[in-house]
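K.L.:
Sequence:
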Amino acid sequence: MRPVTRRQADHHAARSAATVAQVMSTLQRLLESGEAFSEISVQRILEEAGVSRATFYAHFQSKSDVLVRLTDDLRESLLTHAQQWNPAAGPEALAHFFEDVIKTHRLHQSLITAVREAAAYDPTVHDFYTADLEGFEVNALRSLLADQAAGLAPPDLDAASASRIIVWGGAQAIAHHISVDDGSGDGAFARELARIWWHGAYRRPEPTAPLRRTWRPTSRGPPSSLPGTGWCRRRGSGPWAGLMRDPSPGGGWRDRPCAGWR
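By the count of the numbering used here, the sequence shown reaches residue 1261 at its end, each step adding exactly one.
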């Protein structure tokens, strides 16, 4: 058996790379035409790409494998965005960050839609899809904990829950926004999302004591009334309307009308 020469090996590698590129570009073209990933069969890919089944499985484990490998450029782009992410830069910087993320998602909308669809039933794609979001969640949690330690984020913030909500909820919101908006609302959406992150988690105001308003009875009020707390409203020149809350002799509170109060 003759040994394989360097030239033959290079030729084989080139043909293999061309086959991979042909199959991947075929799937991408089908997705961009509006076809759902679940409706595209391996046989359809073979026919469109002009390769045999044996050749296909020599390079890919399944059509999900094609999809995952097709997202390499997208992952690189999103990774670049993630490396530039700095929540401490403030809401305006966060808004610019989210605008860039939305722009990237729009450029790869058909591919991202396919990944989200397949992630619901294919463990391979699910693991791939969730890996990046889990990494982003870890970074958000780390930064929230650091801000808490520095006294910048409120002490009552549950950083683990907050990071999960803003990362996973934000991803869902971006996906839905892109599906219903033509792009004209991207700037406004990015600003609102940034403010939710900033004021809802990173710089959420500390809770203050609830307002307590005390009302005292007038000479027209019930003589046996105790001063209560509550909200009373007058309708025109008519009587006061609403309820007052008084301490109950048995403990707790009791409500009574505001008649005769002002």
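Because the hints were derived from the structure by calculation, they are not lab data.
Glycine included, each C-beta is placed from N, C-alpha and C at the ideal position.
Worth double-checking, as some hints may not be accurate.
Claimed, not checked - DEER-style ranges, computed between Cβ atoms:
1. 1205 with 1125: 35 to 41 Å
2. 1012 with 1134: 30 to 36 Å
3. 1205 with 1131: 47 to 53 Å
4. 1091 with 1021: 43 to 49 Å
5. 1206 with 1171: 35 to 41 Å
Said to hold, decoys possible - Each computed EDC-like pair below joins lysine to aspartate or glutamate, with the alpha-carbon atoms no more than 16 Å apart:
6. 1102 with 1180
7. 1102 with 1072
8. 1102 with 1181
K.L.:
For every hint, state whether the structure bears it out.
P.N.:
Results for each hint:
1. 1205 with 1125: 35 to 41 Å: With Cβ atoms ~39 Å apart, the hint holds.
2. 1012 with 1134: 30 to 36 Å: holds (32 Å)
3. 1205 with 1131: 47 to 53 Å: The hinted range 47 to 53 Å is violated for residue 1205 and residue 1131, with Cβ atoms some 33 Å apart.
4. 1091 with 1021: 43 to 49 Å: Given a distance of about 45 Å, which is inside 43 to 49 Å, the answer is holds.
5. 1206 with 1171: 35 to 41 Å: violated (27 Å)
6. 1102 with 1180: It holds: about 12 Å lies between the C-alpha atoms, which stays within 16 Å.
7. 1102 with 1072: holds (14 Å)
8. 1102 with 1181: Cα-Cα ~12 Å, so holds.
In the structure shown, a violation is registered for the earlier hints numbered 3 and 5, in ascending order.
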